[in-house]
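From just these sequences and the hints, can you work out the full model?
There are 2 protein chains.
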Amino acid sequence: MRDVAIVGIGQTPVGELWEKSLRHLGYDAVRAAMEDAGIETAEALYVGNMLSGELNGQEHVATLIADFTGLRGLEAAKVEAACASGAAAMRVGVLAVASGMVETVIVAGVEKMTDTLPAETTAGLALAADQDYEAAEGATFVALNAMIMRRYMHEYGVDKADFAAFPIIAHENALGNPNAMFHLRLTPERYAKAAPIAPPINIMDSSPICDGAAAVVLMPYERAKEFGRGRRLVRVAASVSATDTLAVHDRRNPLWLEAAYVSSHKAYALAGLTPNDIDFFELHDAFSIMAALSLEASGFAPRGKALELAGSGALTLEGRLPINTMGGLKARGHPVGATGVYQIVEAVQQLRGDAGANQLGHAHIAMTQNIGGSGATIITHILRGEE
Amino acid sequence: MRDVAIVGIGQTPVGELWEKSLRHLGYDAVRAAMEDAGIETAEALYVGNMLSGELNGQEHVATLIADFTGLRGLEAAKVEAACASGAAAMRVGVLAVASGMVETVIVAGVEKMTDTLPAETTAGLALAADQDYEAAEGATFVALNAMIMRRYMHEYGVDKADFAAFPIIAHENALGNPNAMFHLRLTPERYAKAAPIAPPINIMDSSPICDGAAAVVLMPYERAKEFGRGRRLVRVAASVSATDTLAVHDRRNPLWLEAAYVSSHKAYALAGLTPNDIDFFELHDAFSIMAALSLEASGFAPRGKALELAGSGALTLEGRLPINTMGGLKARGHPVGATGVYQIVEAVQQLRGDAGANQLGHAHIAMTQNIGGSGATIITHILRGEE
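Here the protein sequences come in this chain order: A and B.
For the first sequence, the positions run 1 to 387 when this note's numbering is used.
For the second sequence, the positions run 1 to 387 when this note's numbering is used.
Hints in this document: simulated from the structure, not taken from any laboratory.
Each statement offered as a hint is correct.
Among the chain B residues that face chain A by a calculated CB cut under 10 Å, a handful are: (1) 44; (2) 51; (3) 52; (4) 56; (5) 61; (6) 68; (7) 71; (8) 74; (9) 126; (10) 130; (11) 131; (12) 239; (13) 241; (14) 258.
To give a feel for the contact side, a few chain A residues facing chain B, derived at Cβ under 7 Å: (15) 57; (16) 58; (17) 60; (18) 75; (19) 77; (20) 99; (21) 241; (22) 243; (23) 246.
Since the structure is predicted, the reported quantities are computational estimates derived from the model, not experimental observations.
From the three backbone atoms N, C-alpha and C, an ideal C-beta is built for every residue, glycine too.
This is how it looks when you write it as structure tokens:
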């Protein structure tokens, strides 16, 4: 098993990018990552993408992007795990480099969601759920999350207003990220007045439909050290994927993300760390409720106490455990198959000291967590920057 | 880098399996492979599948199958590379075991193509081609292959009748495979009278739309030796994926499968072999023309001479280089994302001496080749059975 380093990062702005097709988005992110790494070619390209078939009428998207990016010939495959597709592609990239079979790997995440009508995109997102036993009953993805959120409020006796801290932090952090989709400050008053989507979820509890692509370049750590380029090296300290039931109703407790618990705690063990050692956490706030459940299952808050943690100020850029330092899914945006790679890219920005206005004072150990479906696939990465 | 062994295989019959849903197909193949291997659980499940989103309204299919198969909790991801999705999933499984990060991996391929109207399925298959520059011009997948076949006939001065040897061999071999879709002998006369689909391609040049699933269990070779169970061990001697332009018109020569050349010759080098050492070859006869091009690019026939080789009898079960020993895509059937795994499963049957009526006298080194799109992604595996 070889240690794996991240030596290049690239990303497109996130938004409604109507002037860019799927292949152009992939090109922009991959080329930026290659330039950042200072490489001319690579041996493999793994692409995280969920909906190219449904929304863009295109499968075989990894080979398409390899071809369009001038990387013709190299190994290519698409990796899909619903909204965790980006981290799933990262996981395959890590396996490839660790195996000793591949030296230089590009991992990209790309999604183009705004060329279709909102109803079509919503139907596409529902493909992450159990079609026969959830979607067939009319449960959209938002509806499933709304039911979980309502149950959480009932079970732990919290108010809807207590969730506001998550989108407020996300929007605050996005102000310093030029690639974020939204640059608007959110207040508790504005959150309270936000339009409902599927009560109790309102528009501010829900990440946006958008386009975007991100990419990283991986190589063996020992080779990366010689490769140099004067930047702080980032090492993959742990890469763990775990699953749960696809359907929420099959779980013993819908408020407990077992796959987040398993993947984060295996990751801690592999990296020789505890939650206390994590300097910041890029978590999957597709909905505010998922941010809360992720913090609890990953060992950062007791059950039912994540909102208290969020309200305490501990999760801001100045807090003890900053989350979603570049805006998270809510405010940077959530181009589904790309999100897991954006999380890695942003963590590397912090670990390198390249996070601009949002740079953390102490950023040596990062954790990222990407969630597919309503918690059915959860992938945790721990990254370690050089001191 | 650890050597990888195949310790279990499973498959469903191929056909129009209307009584089985996608998850049931996956269950049947995965459970059969686990039983064959004698394992109760695994650490990862990689699923090759192309069209679950388009044809079955379900993404997130790897986690679905993990859940439904009672493997809840393990790592799971879908791998897609059009019709090469099965071998692409196998490639990820090999990387995982070789990396030292995962001990026991299940690789499955599953596809359910007959629940939709033929026009919908045809439109789905076209997602493997370049949507903006091929499919948008009305070029279906059959049409693209028909143009390549016509060019081949023109360039090398061969007759359409000369292609008959490929489907005749496939159908002959399928007679001895209880899991094959078709059990009917094909004659040159019947081939000559077969209904045209996209001339010069007729119905006997074209693999069928069907359902099916196959699975294998992988583990480190050193561990597999102790695992035993009295069967001949099969080792993965090479696993190589290569790509070409997605669109056929972008290639310097549409009659040359560069990705087959690259992946097969890299595989020979990794395994320390030449084409002469290959005992049998499971090739990708989605269309007769692809069988010819695959043989030429992989070094088994000079350019333009594959039909001569096929006509010579060398490719039958008794010949020098048997191909598609259990019926190939044409007669076993081509459930697209599952095909690459079927090829591996059938190669293992031969290498173990478990191929029943179709058992080859000398079967120690097998090659499988799975093609995505019109040659855009080509993945070659070489497997070595114990002497």
